[in-house]
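Heads up: the sequence lines are chains A and B, in that order. Numbering of the first sequence is given in my numbering, commencing with residue 12 and proceeding in unit increments. Numbering of the second sequence is given in my numbering, commencing with residue 49 and proceeding in unit increments.
Incorrect hints may have been included.
No farther apart than 20 Å at their CA atoms in a straight line, the calculated lysine to aspartate or glutamate pairs in the EDC-like style are these [said to hold, decoys possible]: (1) Lys173(B) to Glu195(B); (2) Lys53(A) to Glu132(B); (3) Lys53(A) to Asp129(B).
Simulated coverage check for chain A against chain B, where a stretch passes if three residues somewhere in it have a Cβ under 8 Å from a Cβ of chain B [unchecked claim]: (4) 51-64; (5) 118-131.
Simulated from the structure, these hints should not be mistaken for laboratory data. We put the CB at the ideal spot given by N, CA and C, even for glycine.
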Amino acid sequence: MNQEKYNSTAITLHWLVALLIVIAFSVGHYMADLDLSPWKLKVFAWHKWMGVTIFALVLFRIVWRFTHTAPALPAAMSDLMKRLSGVAHLAIYLLMLAIPLTGWLHSSAAGVTVVYFNALTIPDLVGKDKALAHLFQEIHETLNWALLGLVMLHVAAALKHQLVDRDNLLNRMRW
Amino acid sequence: MKNAGLYLALAVSVFLPLHEVVAGGIVADKSSITFVGKQMGAPVEGRFTRFDADIAFNPAKLAQSHALITIDLNSIDLASDESESEIKGKSWFNAAAFPKAVFESTAIRAMGGDRFEVNGRLSIKGITRDIVVPVQFRTVAGAQTAEGRLEIHRSDFKVGEGVWADPDSVAESVQVRFKVTLKP
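Excised from the complex, chain A in its bound form (with noise of 0.2 Å):
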């Protein structure tokens, strides 16, 4: 059995980016149906500043994840296993980047320009467009539908070997 543990910084950026998702996820869903009001404005604001931050924790996240090496995985698991397992986390990590990415170009193409928090101002990556803004919505919302999907894998899968293998592979990410 391992119990070799990931270290403390990956174990709360986890969970801490896990929150932010699940919350920006929520809030998302709910603000695309809402007609036109300030409410709607204020709602689409913090989305956007959700998906900032949540932009910046994981690029530090990947950083994070490149210099200090993960635990190994349970040696009862065949390589097949291994490798799909690397290949899911591989795709979480391409959409947590990719979803902010297209959140951002999206609103950026609206011609609504990101202020994170009402203080820093993210550039805009480009021109005003309402076609490819349109485009950017539609990957976004495909994206965040693929990403539920793959949380739900991962989830599925860690409750598999918690629970049928049990191999206590969710100790690692245990505080």
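Chain B: place on chain A using the hints.
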């Protein structure tokens, strides 16, 4: 009346020969009217795609020079279809009742070099206000251009009423930028 001199100049201009300062339209694809507002502290860009202008400008004959600019408010290009239909609605432009914004100059003053100050009346949503617009007139490759920017306070024209009056949500100040190329 503080503008008496300007009105006198206009009145006099009626009796002067006008053939040296002929009003003309603009070259649409070399002209733009854009604006930047702020929502939740973040800059939001937009533009108008249809507008027309009758501009007669001669720096040597300012009293006869004149500008009439008409903007089709239904041609607004904003962040989304949703925000465009909202801004055409009653709380904002009420474009069904007031489809056009109109600026008509009353006097033009030379400020040195290619800079001029255009006094005039801006009408939006049935409200007319006197404004002063700094304009730079230039001749580029034989074509005359006029460009400048001005700040509009949206509440002066009741643009954004009711729940939208709150400046914390959508700021009071809107920066308008224009560049028009006059027809030769």
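Now for the hints, and whether the structure bears them out:
Annotation: proposed proximity of Lys173(B) to Glu195(B) is violated, straight-line Cα distance about 24 Å (limit 20 Å). Proximity of Lys53(A) to Glu132(B) is assessed by CA-CA distance (about 18 Å); at most 20 Å being required, the pair is judged to hold. For the hint linking Lys53(A) to Asp129(B), the alpha-carbon distance of about 19 Å falls within 20 Å, and the restraint holds. Coverage of the segment 51-64 of chain A by chain B holds [criterion: at least 3 residues with CB-CB distance below 8 Å; count 4].
Only when three residues or more bring their CB closer than 8 Å to a CB of chain B does the claim for the segment 118-131 of chain A stand; here the count is 7, and the claim holds.
Comparing the model with each earlier hint shows a violation of hint 1 alone; every other hint is respected.
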